[in-house]
Amino acid sequence: MARHYVSCRINGDETEYLCDTSQSLLDVLRDELELTGTKEGCATGDCGACSITIDGVLVCSCLVLGAEMNGKTIETIEGMAKGEKLHPLQEKFIEHVALQCGICTPGLLIASKNLLERNPNPTEEEIRFWLAGNLCRCTGYNNIVDAVTAAAKELRGA
Amino acid sequence: MSDMRFEAPATVDAAVALLAGAKGITRILAGGTDVMVQLHADMVEPELLVDIKRIPDLHGIKKEAGGWRIGAAVSGMQMMDHKEFAKAWPGVIDGVKLIGSMQVKGRATVAGNLCNASPAADSVPSLLASGAIVSIAGPNGKREAPAAQIATAPGKTSLAKGEFITSIFIPDAPPHTGSAYLRFTPRTEMDIAVVGVAVSLTLDNAGKCTAATMSLGAVAATALMVEDAAKALVGSTVDAAALDRLAAAASAACRPIDDKRGTKEFRIKVAGVLARRVAAIALERAKGN
Ligand SMILES: Cc1cc2nc3c(=O)[nH]c(=O)nc-3n(C[C@@H](O)[C@@H](O)[C@H](O)COP(=O)(O)OP(=O)(O)OC[C@H]3O[C@@H](n4cnc5c(N)ncnc54)[C@H](O)[C@@H]3O)c2cc1C
Ligand code: FES
Ligand code: FES
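One line per chain: the protein sequences are A and B, in this order.
Take the first sequence: its position 10, counting from 1, is numbered 10 in our numbering, and each next residue is one higher.
Just so we're on the same page, our numbering is the position in the second sequence counted from 1, plus 158.
It should be emphasised that the hints constitute simulated quantities derived from the structure, not laboratory data.
Fair warning: this is a prediction, and the values are worked out from it, not measured in the lab.
Using N, Cα and C, we set each Cβ at its ideal position, and we do this for glycine too.
A couple of the hints might just be wrong.
In silico SDA-like links for lysine to any residue, alpha-carbon gap of 20 Å or less [what the hints assert, rightly or not]:
id, chain 1, residue 1, chain 2, residue 2
1, B, Lys211, A, Arg118
2, B, Lys211, A, Phe129
3, A, Lys72, A, Ser22
Chain A residues, not near chain B, derived (Cβ > 12 Å throughout) [unchecked claim]:
id, residue
4, Gly12
5, Tyr17
6, Glu84
7, Lys85
8, Arg118
9, Thr139
10, Gly140
Bound conformation, chain A alone (with noise of 0.2 Å):
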């Protein structure tokens, strides 16, 4: 079987790894790379668990191959708190009880953050529409767009 050779860049360290053909990002993350935050929910692009940026897009890990990432700049949940201290995002996801079980967390947050990148200052229904491909089965949502809307002005420092 065919090995692939891959060097790239994850949350600022380079990063080199083999991969099968076969082997979805979100496997090359999880089971070879051992950085579990990224989460599976349903590895067909629905879910919106296993969201990554890769040269700043948002994407879904489980759509991606392994084998596509030679030369290229990734970042998941784990490169998101700095040492200890959390993002805006993170500790208003705490403050507004904005998960339960948790396993759409580490997607959310960076979806969120991805949004706020390209759009400082977005409407109740700008945060809803980016997020539609973030299913939580927990919460609600409202607790998240909250969340969202006090990051967004915490870090605009509003």
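We have chain A; now place chain B with the ligands onto it with these hints.
Showing chain B with the ligands alone in chain A's frame:
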């Protein structure tokens, strides 16, 4: 699946050589949003996957004489972010915006949406209504074809072995042209069209319609062009009587199936309702252009 090969060539010629030389099933890996789902479900076991995103020529949205050229590796999100193109062809962007989540749009290409050949593909009716022409590379050289001639049946295309789409050319919209696309789905997001309707229409300075095209999705084995759309609208001010004619033409063109998403009768009726609504949006946009 265990002996599936993955290649990421840097040129169109190298991609053609790989595709033409393969013995078994091949798939292009553009955004992968259909291919990855099909691999996961074991719906297809290709011998070879060819990632076309390393080919520089396939990237970018370029203004050319007479229109816009969209590379086959351009994602839906890149199209939405291109302000000038989005202003020229809002109907195409209406369709692109409906392709899955932001995550899916970050990867999915319009060429892939066309070549996956789902009758319900949301970007396809607007491509057809815009008069889009695709550029194709293959073992016998390059050729062009109307986007309307690519899908031939669900999951089937007219592309020969070794051929793939390198770009899509969308002609300039004349002044006072408006385009729009709407679909009917039970949910507002993340759902598959039960019916989709795209309209493009052009007005003269007096507000009379001089040209009109309409394409329907999810009401036949492939997206359809409705030739009677021009007859319904041209010469009118797109008034109530003209919209009645357009709705009737849309319903008459449907050749739908019954499935869990909708019955034949429902699809035929909704095609007419949507045609009216889409034309009204296209009309407003034409006036503003
Ligand atoms: C969760 C989810 C929701 C979705 N929702 C919608 C929706 O609402 N509406 C909708 O229309 N679609 C939807 N889709 C499907 C949509 O993402 C795809 O149809 C997409 O547009 C295909 O493009 P791609 O670049 O990802 O293609 P790929 O998956 O890379 O390829 C798809 C097919 O096209 C072929 N192909 C790709 N590029 C070329 C080319 N340049 N030349 C020749 N053949 C080519 C491949 O061989 C393959 O057979 C959804 C997908 C997911 C995962
Ligand atoms: S695991 Fe990727 S979208 Fe669900
Ligand atoms: S907190 Fe449980 S799925 Fe979102």
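Here is what the structure says about each hint:
no.: 1; hint: Lys211/B with Arg118/A; result: violated, 23 Å
no.: 2; hint: Lys211/B with Phe129/A; result: violated, 27 Å
no.: 3; hint: Lys72/A with Ser22/A; result: holds, 19 Å
no.: 4; hint: Gly12; result: holds, 21 Å
no.: 5; hint: Tyr17; result: holds, 14 Å
no.: 6; hint: Glu84; result: holds, 29 Å
no.: 7; hint: Lys85; result: holds, 27 Å
no.: 8; hint: Arg118; result: violated, 9 Å
no.: 9; hint: Thr139; result: holds, 17 Å
no.: 10; hint: Gly140; result: holds, 16 Å
The structure fails hints 1, 2, 8 (numbered hints given earlier, in ascending order).
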